[in-house]
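Full structure from sequences and hints, please.
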Amino acid sequence: MTPQTIAIIGEVLFDQFPDGQQILGGAPFNVAWHLQAFGQQPCFISRVGADELGDKIRTGMMAWGMGTENLQTDWEHPTGVVQITVNDGEPAYQILDCQAYDYLAKPGQAAGSTGVIYHGTLALRNPTSAQTLRKLLAQHSGTVFVDVNLRAPWWQAKTVTEWLQTADWVKLNVDELRQLAETKATLKETLQGFLDAYQLTGLIVTRGELGAVALTDKGEYLEAAPNALAEVVDTVGAGDAFASILLLGLQHSWPLDLTLRRAQDFASALVTQKGATVQDMGFYLPFIAQWRL
1 MTPQTIAIIG
11 EVLFDQFPDG
21 QQILGGAPFN
31 VAWHLQAFGQ
41 QPCFISRVGA
51 DELGDKIRTG
61 MMAWGMGTEN
71 LQTDWEHPTG
81 VVQITVNDGE
91 PAYQILDCQA
101 YDYLAKPGQA
111 AGSTGVIYHG
121 TLALRNPTSA
131 QTLRKLLAQH
141 SGTVFVDVNL
151 RAPWWQAKTV
161 TEWLQTADWV
171 KLNVDELRQL
181 AETKATLKET
191 LQGFLDAYQL
201 TGLIVTRGEL
211 GAVALTDKGE
221 YLEAAPNALA
231 EVVDTVGAGD
241 AFASILLLGL
251 QHSWPLDLTL
261 RRAQDFASAL
271 VTQKGATVQD
281 MGFYLPFIAQ
291 WRL
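First residue of the sequence shown: 1, per the numbering used here; consecutive thereafter.
No lab work stands behind these hints, which were simulated from the structure alone. One thing to keep in mind: the hints can contain errors.
Subject to a maximum C-alpha distance of 30 Å in a straight line, what follows is the list of computed BS3-like cross-link-like pairs (lysine-lysine) [said to hold, decoys possible]:
#1 K274 with K56
#2 K135 with K106
#3 K188 with K218
#4 K106 with K158
#5 K135 with K184
Structure (structure tokens):
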């Protein structure tokens, strides 16, 4: 991967909805999908099974213009699947074990980057994928962005803490913050304690309908409110949409307050769509024009 490439590492899978609809998903894949639409050509590193769903993912990526050179094929384990149910507007996830993305192998051409490595925590539940990421990080001299996604029962505080210690930037939601941080008198103080504990450059916390807040090591404390006019269809992938614009802002050196506003606007637009990915470039064009990408 080239020095300024964003490497996205982790799961790609199909979200299966109660009505039988299948939509491409997986938090890292969703982020890579959006970044591709915004012209970033991310280096997406994942693994699928030698099955029909794996073929659909590969075909879908190529149709979207994404590179598939780091999409590995697993001959023993199936392509990832998540069963989604929606209760009172909030998605619940049944995540199956021993999926292809649990067995990531190290891709040779992705080593030695000075760009950005982005990863979540779900795909690291298996020692094979976790060891692969450790090897990549050992050869990486750029920025590390960790997007926390605590999915019971697939996480342990000790393991998540290990990955947070390698991070420069961290994004998580307010419920995850409560589970991982020592609660202080105010939200800002809680964020400060978390940022100091892991010596982060920046910390972003999403709060659903309350928007998001951010704190940096330079003392910037910022808030962004969601678009109140957005008609919510479902919230699957909203956090991933938000994360993709955070990475876009890092790539383009946008001021953090501007990045937060744009991330919130994009996430507000995404929740008006069904599922975590949108296959119509027309959805992205207004943002591309407005942001002069």
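Would you pick out the hints that fail for this structure and give their numbers low to high?
Structure breaks hint 5 only.
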